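Chains as they are written, first to last, in our numbering: chain A, 1 to 308; chain B, 1 to 308.
Just so you know, the hints here were simulated from the structure itself, not pulled from any lab data.
Since the model is a prediction, treat every value here as computed from it, not as a measurement.
You may find that some hints are simply not true.
Unchecked claim - Straight-line C-alpha distance at most 20 Å; calculated SDA-like pairs for lysine to any residue: (1) 211/B to 241/A; (2) 47/A to 33/A; (3) 186/A to 149/B; (4) 240/A to 212/B; (5) 240/A to 211/B; (6) 47/B to 91/B; (7) 239/A to 211/B.
As the list claims (entries may be wrong) - Derived list of chain A stretches under chain B, where covered just means 3 residues or more per stretch with a C-beta under 8 Å from a C-beta of chain B: (8) 134 to 142; (9) 186 to 199; (10) 210 to 218; (11) 291 to 305.
Stated by the list, open to error - Not everything, but these chain B residues come out facing chain A in the computed CB check (under 7 Å): (12) 81; (13) 145; (14) 198; (15) 202.
All C-beta atoms in this analysis are idealised placements derived from N, C-alpha and C, irrespective of residue type, glycine included.
2 protein chains.
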Amino acid sequence: MATKHVRQSKWDASWVTDGANQQWKGTALIKLEVADEIRRMKSGIGKFPRLAVVLVGDRRDSHTFIHIKLKACDQVGIETVASQLPENCDESELLDVVSGFNEDPDVHGILVQLPLPQHLDEEKIINVVSLEKDVDGFHPLNIGNLAIRGRKPFFVPCAPKGCIELLPRHGVEIKGKRAVIIGRSKIVGLPTSLLLQRHHATVSVLHAYTKNPEHITSEADIVVVDVGVPNIVCGNWIKKGAVVIDMGTNQVKDPSGHGFCVSGDVCFEEAVKVASAITPVPGGVGPVTISMLLSNTLDSAKRAFGMV
Amino acid sequence: MATKHVRQSKWDASWVTDGANQQWKGTALIKLEVADEIRRMKSGIGKFPRLAVVLVGDRRDSHTFIHIKLKACDQVGIETVASQLPENCDESELLDVVSGFNEDPDVHGILVQLPLPQHLDEEKIINVVSLEKDVDGFHPLNIGNLAIRGRKPFFVPCAPKGCIELLPRHGVEIKGKRAVIIGRSKIVGLPTSLLLQRHHATVSVLHAYTKNPEHITSEADIVVVDVGVPNIVCGNWIKKGAVVIDMGTNQVKDPSGHGFCVSGDVCFEEAVKVASAITPVPGGVGPVTISMLLSNTLDSAKRAFGMV
């Protein structure tokens, strides 16, 4: 039976399975659930979640990401307040903005769009975000509590949380499976490895110093890739029937020769022939990640309102 | 050439190599270095490190560990202050003791001996220990900062830090090596996996849900075991030439039939025939771990005295 290959709208995470297209409506479903809870919250107690977004500088990709996030908030009824600072702003200005949102009881989530300009100390800024409002989950105390079994972080970072939403909803059991994470960024690779361990996968983390990454990868049932190099993972790295989650988002020249398009880290055309399921880029985990931001912001508001 | 097998005094971490006994004097050396720094500190500024030790209840093993730690402090010139609470103490009493040490400027390290009696909330107690005095390195913020590349925890937990002392001092390069950690305790397995990743090993974490642990282990260059089951790792799990670090400490019946003795998690007699180096139990990593507690306490005092 031929494997089918579907790329689709950016609001759906598509999965391709042997012989059947599974168009995952999970992202839309999560957004509907969040929107529904917020509607009931508004009519019940007259309150709603609010997300503060902080953007520094003029990076085009950051502007695009913020635009997508704000739009998604708007769709589900999360109010947003955005603060934009110039590229050359002082660290103290940025810290003041974050502190202001920390102290504002009507703000339930704070998102500082990364990366920040070089002259700003990213670590220092993230440390200042109130733990209870760290909807990105990047504060080291949230990461520590994610790492330590038995503890509960306030927030799980959105990209890994999206992975964990995708897998069980597609009938992929994590417990006892071998998972390989390729790449160890603090935003994706690290928290994904910690979260998959929480779900009792046997996790190996691969990186630039790993010898024979293709061999280790070929033993994995679940492969998560976030390297930032287009098509670095080839089809022959993937075990027959494995599940592949491609977190890469690379701007590459369009094959037509005109302009650019977005490509993942996995050679989709090859991997789709051996994987039992694979997320395409674009349209794969990106939208799920954003829906997790909405869900984290809602959770934070519920905590603030004493609803959990 | 026959492999030699040495078990030795508890103050030395012994390593056995093909055809040569390497009696590692590293532990003694580290203690000498710490003692020397403290001597110079005393004569220079008239100050010295002080460690506070908190023990709850009457567990025999905890008493033994505390005794060993206090003795080691004494040997290098670290002053100690011990607080012992009864098995049935209130959580508030214990919290008061820890808070008192937090506020005492003459205390540079606080060690709460684990495990605590069941009725006490271990997580809550560890959270209360001042970050700057958490010489065990178990606070989630220290673990988070250990996990996130580019960040620096105040303290690295003693057992993993001991591993990292052992390996390079024995000419074992970590970067690019495959490391398997068997067991994922928050005291040993978790922080060791994070620390080996920091040193650019390719790390896989194995646990109770791992299928075929022997297969994955047999591909590793460095094997760290902390499961708590005597002899669970057999010789045929180990790749020829691998380095084996046995963190297990199990009380087992003495083969003579009289009383008990201490055994590791690795079947030493088998593994020693294939490993290029292996730490025995007793006498292996235990003493190194304690010397790391001394080194963490010294570091803390140096920070407090503005010496770093």
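Results of checking the hints against the structure:
The hinted pair formed by residue 211/B and residue 241/A meets the criterion: a straight-line CA distance of about 17 Å does not exceed 20 Å. Pair hint residue 47/A plus residue 33/A holds up; C-alpha atoms about 17 Å apart against a cutoff of 20 Å. Under the criterion of a C-alpha separation no larger than 20 Å, the hint pairing residue 186/A with residue 149/B is consistent with the structure, at around 7 Å. Proximity of residue 240/A to residue 212/B is assessed by CA-CA distance (about 19 Å); at most 20 Å being required, the pair is judged to hold.
Taking the CA atoms of residue 240/A and residue 211/B, the gap is near 18 Å; set against the 20 Å cutoff, the hint holds. Between residue 47/B and residue 91/B the CA atoms are separated by roughly 33 Å; this puts the pair beyond 20 Å, and the hint is violated. For the given pair, residue 239/A sits about 16 Å from residue 211/B by alpha-carbon distance, which is consistent with the 20 Å threshold. With a threshold of 8 Å between beta carbons, the proposed coverage of the region 134 to 142 of chain A by chain B holds, since 4 of its residues qualify and at least three are required.
Beta-carbon proximity to chain B at under 8 Å applies to 4 residues in the region 186 to 199 of chain A; the threshold of 3 is reached and the given coverage holds. A count of 3 residues in the region 210 to 218 of chain A with a Cβ less than 8 Å from any Cβ of chain B is obtained; the coverage claim is therefore met, three being the minimum. Here the region 291 to 305 of chain A counts 0 residues with a CB under 8 Å from a CB of chain B, which misses the bar of 3, and the coverage is violated. Taken as an interface hint, residue 81/B does not check out: its beta carbon lies about 28 Å from the nearest beta carbon of chain A, beyond 7 Å.
The interface hint given for residue 145/B holds, since its Cβ lies 5 Å from the closest Cβ of chain A, which is under the 7 Å cut-off. Here the hint on residue 198/B is broken, as its CB sits about 10 Å from the closest CB of chain A, past 7 Å. With its C-beta approaching chain A no nearer than about 4 Å, residue 202/B sits inside the 7 Å limit, and its interface hint holds.
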